[in-house]
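Chemist: Letter by letter, the chains look like this.
There are 2 protein chains.
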Amino acid sequence: MAQKATVVTRENIKMREKTLTMETLNPQVKAVEYAVRGPIVLKAGEIERGLQQGQKHPFTEVIKANIGDAHAMGQKPITFLRQVVALCSFPELLESPSFPEDAKVRAGRILQGCGGQSLGSYSASQGVDCIRRDIAAYIKQRDKGVPADWDNVYLTTGASDGIVSILKMLVSGQGLSRCGVMIPIPQYPLYSAAIAEMDAVQINYYLDEDHCWALDINELHRAYLAAKEHCHPRVICIINPGNPTGQVQSKKCIEEVLHFAFEENLFVMADEVYQDNVYSTDCQFHSFKKVLYEMGPEYFNTVELASFHSTSKGYSGECGFRGGYMEVLNLDPEVKAQLVKLLSVRLCPPVSGQAAMDVIVNPPLPHEPSYPQFHEEKSTILGALAEKARMTEHILNAVPGIKCNPVQGAMYAFPSIFIPPRAVEEAKALGMPPDMLYCLRLLEDTGICIVPGSGFGQREGTHHFRMTILPSMEKLKVLLEKLRDFHIKFLKKYSSLEELER
Amino acid sequence: MAQKATVVTRENIKMREKTLTMETLNPQVKAVEYAVRGPIVLKAGEIERGLQQGQKHPFTEVIKANIGDAHAMGQKPITFLRQVVALCSFPELLESPSFPEDAKVRAGRILQGCGGQSLGSYSASQGVDCIRRDIAAYIKQRDKGVPADWDNVYLTTGASDGIVSILKMLVSGQGLSRCGVMIPIPQYPLYSAAIAEMDAVQINYYLDEDHCWALDINELHRAYLAAKEHCHPRVICIINPGNPTGQVQSKKCIEEVLHFAFEENLFVMADEVYQDNVYSTDCQFHSFKKVLYEMGPEYFNTVELASFHSTSKGYSGECGFRGGYMEVLNLDPEVKAQLVKLLSVRLCPPVSGQAAMDVIVNPPLPHEPSYPQFHEEKSTILGALAEKARMTEHILNAVPGIKCNPVQGAMYAFPSIFIPPRAVEEAKALGMPPDMLYCLRLLEDTGICIVPGSGFGQREGTHHFRMTILPSMEKLKVLLEKLRDFHIKFLKKYSSLEELER
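In the order they appear, the protein sequences are chains A and B.
Residues 1 to 502 in our numbering are what the first sequence spells out, letter by letter.
Residues 1 to 502 in our numbering are what the second sequence spells out, letter by letter.
One chain only, chain A, in its complex shape (with noise of 0.2 Å):
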């Protein structure tokens, strides 16, 4: 049968047009953009499958700085976490003398709230229960004794998810009252791909790049006012630590922001996943909850606030688990339910990676045999994180032409970088923006993938590139010398003698 199939001529091709073209297509789902792993992501790709077939080029091996994803850079993952995942997926393994009592204890636990005591059952759409309860304790515990009620927690497959939930519920409405999404600028561009998979309107508020990326309640204010004229601001979205940004927001910024959309009866989104990244010693991590508990029954009893944290990043880095829970206060009863009900049309999120997020909430206590092998692996991905931070900053700096924010928290680097008007005229012509032909050329040149700004969006004129700082140390300052050298050739190649001399 299927040797008969490759038969085929044109005129059995042309008997029935496709369904689904690029003018049929959703344009919603058009509309979307996703850099992060956009058209520079694609191509190097490509690229390593062409060293691997053989193929010439500059260098020897693709180096993506372009998403913050420790363990493919080679970061290792945190035993404890691995051994209660292991234990969970293969109960067998509870009876084995190599592994920890405490890593037994929480696999016990764990498999004790699943269906059957099996990894391989669906949860409750929410979560389970035991895991939900470790998290409420855990957000008790951050934010210093403010209560935390577990019925507010749910479990997500990632923060994305629960992101993407929660706007979901909250887009609506046409016309002068279709929902507007208030989101920073630059942003992750999660946000700005639901947006217009939703079809909502994205209010632009820009970050302050003179101020270290601060955010300003006066551009909050004009975003605002000026997104009214044609929408419903209805939502305010913050990502803090900053991605790409790498900013830690001060406490009074927070509380103006609270109070701000207490005011103008926002939602708020608080998108926390890099609430473990820290570095710069100056800046502490301050969570929305807490700030807003700190302004009093007023606000807390009825800012409707959402915050988002991952397995992902912070220090155990588990991408691949898809593990993530989201706190919601002050919902409406009745919309929570409803919150329910389009939570378990996906029926639950994966329980391995609510298993992982168990141990991140949970992690070993200092009484525990467990604790000391935590406890320095912890310390050495965040010391080395810190580390690396003050490095790429340093190193970029340094390069004419280029001037780096330090790089308070999260994972990225966010430049600002010259880009010549020879070349901005190059990138014009090939229908890109410019420091997209930046970074293609870097990757071109060195190997090197990273993501242009203008994927994250950026003031009109500047230009920008985020990298992560996730790879070993070694590499990173290979990965930075290079980009030094391929900027200083890219200014030469595009400058006039004039304006080299400048």
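The hints are simulated quantities; they were obtained by calculation from the structure and are not laboratory data.
Computed from a predicted structure; not experimentally measured.
Zero decoy hints are in this set.
List of simulated lysine to aspartate or glutamate pairs, EDC-like, C-alpha gap at most 20 Å: (1) A:K18 - B:E298; (2) A:K341 - B:E46; (3) A:K30 - B:D199; (4) A:K336 - B:E17; (5) B:K336 - A:E197; (6) A:K336 - B:E33; (7) A:K336 - B:E46; (8) A:K104 - A:E368; (9) A:K76 - B:E92; (10) B:K18 - A:E298; (11) A:K76 - B:E95; (12) A:K341 - B:E197; (13) A:K18 - B:E263; (14) A:K341 - B:E23.
Assemble chain B onto chain A, guided by the hints.
Modeler: Chain B only, in chain A's frame:
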């Protein structure tokens, strides 16, 4: 801080109105219904918690026959699958003598395909390359040599995720050109929920209960022509083996559907997650792909077909891993790029679920050490399911007022039930469908949780329920006997004397 928080007055609460209320909620979210985890199931959860707290009920245990969740009903995991997942999760076990070599080889190969050889890295959005290749090889073998290109295979987060993604691509248009999606009635409510969420038009085609829930091609034509008056039918969804109806489609019927889709330019979505669950010796699973190929190049080079599979069903029943894949044929290349873009926003399916999927498509071979145990476990599970399918049909058909088609495949019985007019009236007065009243009373009387037929759709005036055949043989027998007794009691309670004597 937290202490002060508890002092709240009515005034405080009134100061700010909620942003997200039932009035402002996205109306498409409101329109979503998902009976498999609907009101009856929520009630069952309440009763279960009550029992734990010592509340008295006429039973000591809630039996959840509402959802195809094998492990929750006591089915044991396939050892080999869990060994591979545990090895992938904690690679130090690769050194352990207590794991078989073939499991180690598979785990090592999967890890080779992961960034940094870790399950904690993001995979490509389409899934891990080597797993996609294994799936293609499996499809080719299943379909007796029909070629399968791994580039057409996409890993998904359970089958649901793939189904929603493909629908999302297809849904577009307003008014007369609004996208119509043909679905069977009764259907699995993921379809109606996704259609509601995307604001597409649901086109019902009714399965023929009198002929063992067969798909009647004339009914397809009727539904299509009627729908064309008010929308643009673009997709036909088929569930084979059927959920909730348990029928296995004949090859002839599949040919008719494919011919119809060819003629009317419909995109075909074949939900084949129960492909390993065929119990009736008169039936055989035929994949839509294979039948399409047998119809010749005119068909197989043109008809756009997506087929879905999952780790959740079959003999493994690994629902919690959220593993699945889809194979997509004849997709326009530009549209394919759009699909990858859309999937990339959610980064990737859970990698441990991908690993589980790999084992299912690449199980131990007869010469490998794990084969005997694997084969024993698989045939025990499938044998028991077949026996339970027959017993369920048998016991149900012996009850007056219940009529059950043979459970040829899948995991459910969907019998029609006679509900006396007085019960119909009572349900009406309570504002619920008659079969929901029936299921509610059953739950309250016996602790048995099943789903009313109204949640899946059924012909006007008929009543059904869906129950799984997953409880252990002993428990299922008790369940069916309790159900029989309840049914007779229910009939007596609501029937007039004359009705009973008829």
